[in-house]
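Please put together the full structure from these sequences, using the hints given.
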Amino acid sequence: MGDIEKHGSHHGQNSDSLSRTSTKQEDIEETEHPVQEPISRTKSIASRLENTVLSRLTTRSIVNPGPPPDGGWKAWLQVFCAWLAIMNTWGFVNSFGAFQTYYSEILPQSPSTISWIGSIQACLMFLLGIFSGRALDAGLFLPTIMVGIAFQIVGIFTMSVSKNYWQLFLTQGVLTGIGGGIFFTPCMGLVSTYFAKKRGMALGIVTSGNSFGGIIYPLVVRQLLPKIGFGWTVRVLGFMNLIALGIIIAFMRPRLPPRKAGPIVELAALKDVPYILFVAGICFCISAIYFVFYYIGSFARDTIGISYIGSLNLVIVLNGVGIPARIIPGIIADRYLGVLNTHIPLICASVVLLYSWTAISSLGGFYTFTVIYGMIAGGWQSLFPTAIASLSDDLSRAGTRLGMAFSSIALAALVGGPIGGQLIAKGDGYWPGIVWCATTTLVGCVFVIAARIVKYGTTWKVKC
1 MGDIEKHGSH HGQNSDSLSR TSTKQEDIEE TEHPVQEPIS RTKSIASRLE NTVLSRLTTR
61 SIVNPGPPPD GGWKAWLQVF CAWLAIMNTW GFVNSFGAFQ TYYSEILPQS PSTISWIGSI
121 QACLMFLLGI FSGRALDAGL FLPTIMVGIA FQIVGIFTMS VSKNYWQLFL TQGVLTGIGG
181 GIFFTPCMGL VSTYFAKKRG MALGIVTSGN SFGGIIYPLV VRQLLPKIGF GWTVRVLGFM
241 NLIALGIIIA FMRPRLPPRK AGPIVELAAL KDVPYILFVA GICFCISAIY FVFYYIGSFA
301 RDTIGISYIG SLNLVIVLNG VGIPARIIPG IIADRYLGVL NTHIPLICAS VVLLYSWTAI
361 SSLGGFYTFT VIYGMIAGGW QSLFPTAIAS LSDDLSRAGT RLGMAFSSIA LAALVGGPIG
421 GQLIAKGDGY WPGIVWCATT TLVGCVFVIA ARIVKYGTTW KVKC
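Numbering (the UniProt record's numbering), first residue to last: 1 to 464.
If you're looking for bench data, these hints aren't it; they were derived computationally from the structure.
A couple of the hints might just be wrong.
Claimed, not checked - Straight line, CA to CA, 27 Å or less: simulated DSSO-like cross-link-like pairs of lysine-lysine:
id : residue 1 : residue 2
1  : Lys-260   : Lys-271
2  : Lys-271   : Lys-455
3  : Lys-426   : Lys-198
4  : Lys-227   : Lys-163
5  : Lys-455   : Lys-197
6  : Lys-74    : Lys-260
7  : Lys-197   : Lys-463
8  : Lys-461   : Lys-197
9  : Lys-260   : Lys-198
All of these numbers come straight from a predicted model, not from anything done at the bench.
Right, dumping it as structure tokens:
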């Protein structure tokens with residue numbers, strides 16, 4: 001009995017022990033689950049946050065909305081934002097003549113050396129646009145333009161504290177060139193996804209930002225440089241960029257989901273004779289046109305004898321008359337003549353005007369030249385991308401071919417200003433550089449005419 005009681009007592013003790021052990025295990029399990037639940041909850045929150053961020057920064061969550069709206073407040077808002085992008089990228093490039101003249105007065109370097117600042121800026125704009133445009137296709141519009149805008153802003157504000165040539169080359173030339181090259185092409189491409197029938201008009205409005213920026217930047221420099229100095233004048237330009245580019249980030253939105261981009265290089269295009277001839281011709285013309293934009297102010301100052309502030313007015317006029325000139329020829333080409341038939345006479349007229357430049361010695365005559373040349377040059381500049389597309393039998397390849405053309409044009413933009421500047425430095429005044437500019441444009445014109453003849457024949461009755 002006692003043994004049984006002892007056994008029972010031991011059994012009771014064992015039961016109590018097992019009960020306590022079981023309770024401890026349950027406690028342990030209960031304490032394990034509360035640890036796992038926050039972890040899983042944290043992972044869930046992180047996953048949702050990641051998906052939210054990626055859906056905002058990329059277009060992977062967008063469902064194809066169908067045909068372009070061809071209008072509406074959202075579509076025209078994209079046009080306005082892209083116009084701001086072009087104004088603050090290519091408008092800045094086209095304003096380099098204002099800086100070229102000023103730098104020639106304060107820096108010991110030759111005009112040819114100074115022009116490398118604007119040339120590398122233009123080169124990078126053309127070159128990087130080939131690759132950044134593909135980011136739009138990949139659904140990475142916002143991250144891409146944010147990177148480009150960051151480069152642009154840093155470039156301008158560091159330019160404001162630059163003290164010598166190499167600092168200006170790295171800030172104004174390289175940094176802003178990289179920034180503009182990264183974000184202007186996706187902005188242009190995004191606008192084209194909102195329009196079909198009105199695409200030409202929409203893109204014409206966007207590209208007019210080029211000329212408008214070419215007015216605003218020299219105007220700001222003209223008004224502020226004598227009053228607050230170079231550093232604060234450039235900072236004002238930087239604050240203008242901050243506002244404009246902030247609007248772009250806030251309101252530009254892609255409407256299409258990611259899509260497969262084409263190849264960077266199309267080997268068949270290298271065997272397409274009209275395409276090769278046309279691109280070669282445009283390379284010659286682009287190389288020459290930057291000579292005019294870079295040296296028009298310094299020519300007026302050195303040859304005609306006007307002040308630096310007065311020379312800025314010529315840069316403003318050259319860009320200002322390009323606003324209507326970038327829209328009207330496109331309308332004429334669409335409705336009446338065709339893009340090539342409109343493009344070629346404008347280049348021919350440029351050749352005649354550039355040769356006449358050698359005979360100009362009065363301020364009135366030079367203003368007349370500036371107005372007429374600005375209109376003609378703005379016209380053929382706005383048409384050449386459309387002309388390249390028109391030479392392609394397969395429009396699905398037009399984007400690739402335009403990208404290939406831009407890579408060649410980038411090199412032409414790089415060397416045009418320095419070559420002209422070197423001729424000015426080694427020659428007797430500006431006339432050797434002017435003759436080179438006119439002759440280079442003439443060669444380009446011959447190539448463009450040859451491309452038209454090979455593609456469509458010698459009759460001009462064909463709308464092409």
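Find the hints from earlier in the document that the structure breaks and name them by number, from lowest to highest. Violated hint (a single one): 3; every other hint is consistent with the structure.
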